[in-house]
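Q: Sequence:
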Amino acid sequence: MRASRRRWRCERVSAGPLVRLVRLASRAVKGQPPVSSDSLQVLAGIGIAGDLHADARSPRQLLLAGSAAYEELGLPAHALRENLLLDTDTSCLASGTVLQVGESLRLRIMFQCEACGQLDAIRPGLARRLGARRGVLARVLSGGAIRTGDAVRMLGVLEQPWDDDWRVRVRRVLDAVPAEMVVEYRHLARLAGIQSTYCRAFPRLVAKLGDGYAAKAVSAQAAHSLPRWEGEGLFDVY
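In case it helps, my numbering puts the sequence shown at residues 1 to 238.
Since the hints were made in silico from the structure, they are not lab data.
There could be a bad hint or two in this list.
What the hints assert, rightly or not - As a list, the in silico SDA-like pairs of lysine to any residue whose alpha-carbon atoms are at most 25 Å apart:
| no. | residue 1 | residue 2 |
| --- | --- | --- |
| 1 | Lys-30 | Ala-220 |
| 2 | Lys-30 | Gly-50 |
| 3 | Lys-208 | Ser-219 |
It should be emphasised that the depicted structure is a prediction, and the values quoted were computed from it without experimental measurement.
Model the full structure from these sequences, guided by the hints.
A: Spelled out as structure tokens, the structure:
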């Protein structure tokens, strides 16, 4: 029921009025707070120019959050570490939705960003209270300059959806590994949009998926004659 309600709401929003870009921020260095900006240059297939998450092989190029979460929970600016703050509820944006920001930037919504325990450093219990309102992660379909106040148009669900469940995403990446190639755990994590600490869970997970999957993923130290795949073309097809 909840998933159906989310899709219905997103269909209504995608056909509704424009929303606005409230705030912009980027981070060049890991561990440093986001830096506000009136404008940003966003590169197609990569992310924000100079941002630490700019990565052609990642589904987590940008984080979009909604102003409703800030207002309801009384959060300080940049608490959610988003790149784009929109005056809408991002939890209703379905995976595969395409947004146009400003004149030329187009973003593909990938999946909801998990509310990790690090948010509890801002306020105890914040991650639990946020739930699905941390924001959504996106890839850049077409780049361009954006500015605060830009209009954000919701063009509808135009791309293939990705699952919020990281295990489903791992399986999806493994399904895309070309024949006669293997993917290292670190690249599997990167392509599935999860932290590298999840690599230790991969051997058990891929073993549960069956022999056909277990043979596709290897550690960086594994001796293997097959060439390594690093995700070339993954997001063009999937």
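Q: Next step is simple, just say for each hint if it's right about the structure.
A: Results for each hint:
no., hint, verdict
1, Lys-30 <-> Ala-220, "24 Å, holds"
2, Lys-30 <-> Gly-50, "12 Å, holds"
3, Lys-208 <-> Ser-219, "17 Å, holds"
Hint violations for this structure: none, all hints satisfied.
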